[in-house]
Amino acid sequence: MNQLTARGKTVDDAIQSALQQLQAAKEDVEVTIIDEGSKGFLRLFGAKPAVVKVVIKTDVMKAAKAYLESVIRHLHPNVQVEITTRKKKHVMFTLSGENLGILIGKRGQTLNALEQLVEQFLHQQKAYHVTVTVDAEGYRLKRRETLEKLAVNAASKALALQKAIPLEPMPASERKIIHAALHKQQDVETDSKGKEPNRYLIIQPSQEKSWQ
Amino acid sequence: MVAPLVDFPEQIVVYEQEEQHKVTYQLHVHESDIGKVIGKDGRNARALRAVLRAGADYGKRIYLDIR
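Residue numbers (my numbering), protein chains in the order written: chain G, 1 to 212; chain B, 1 to 67.
Hints are computed from structural coordinates only; laboratory data are not their basis. Some clues are possibly wrong.
[Stated by the list, open to error] Heads up, simulated EDC-like pairs for lysine to aspartate or glutamate below, C-alpha to C-alpha not over 16 Å straight-line:
{"no.": "1", "chain 1": "G", "residue 1": "126", "chain 2": "B", "residue 2": "7"}
{"no.": "2", "chain 1": "G", "residue 1": "195", "chain 2": "B", "residue 2": "7"}
{"no.": "3", "chain 1": "G", "residue 1": "9", "chain 2": "G", "residue 2": "35"}
Working from the sequences, and respecting the hints, build out all of it.
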């Protein structure tokens, strides 16, 4: 049962009764008020009950979480999955447990793969253009710090040698961190070259652009 | 792992063949689902392989055939 129509003395009463019958929480349902009801004259005559229709929302993010849990269960027996950020076009899942290395993978490649699968899952559920982040043991933050350091080092190397410095291929989310880290630095430029999945960044000293 | 990603989950068949140093998975899906499983530029296929690798016994190579 995922929807029903309920009555009550007031709208609130009707909703409460519906939630109880559906065993759902208020934030998981959509309520349509069919009749506000009225108390009637002196509460004696013409009293009408309030009528509401309550439908349980199929929460696609919760479904995505369940899917992620089902994939992870095969890799690691004891992991908690939590939705830690939830916006319209972005959702972040945080994994917790012990020894999550296997779920992170070399340079986060298992995390990236899990993200990709969840994105495909959401796409299949008709939730389009949602970006998914999966994190464990603070890996994403650590990786960000590493990449920012790498960006600064590569930039000074590019300036010192007056040469373009190519970096290792990385996924779009990681390239973005480097682009952003060097965005404010006027004396170097960043650019991406190559085709996915081997797209990589180059960092080079800024060139005078000729504006025609 | 694949079923929630496709339109015809009931048509999924997986063959697994384990050898000493490798495991081969043959994944059969409905014709119209092949694209979903492979993904743009093979993204989904790559993700599936990465997850299989993470779950595999140490030192075993993973092969995933999609047809």
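Check the structure against each numbered hint from earlier and tell me which ones fail, lowest number first. 2
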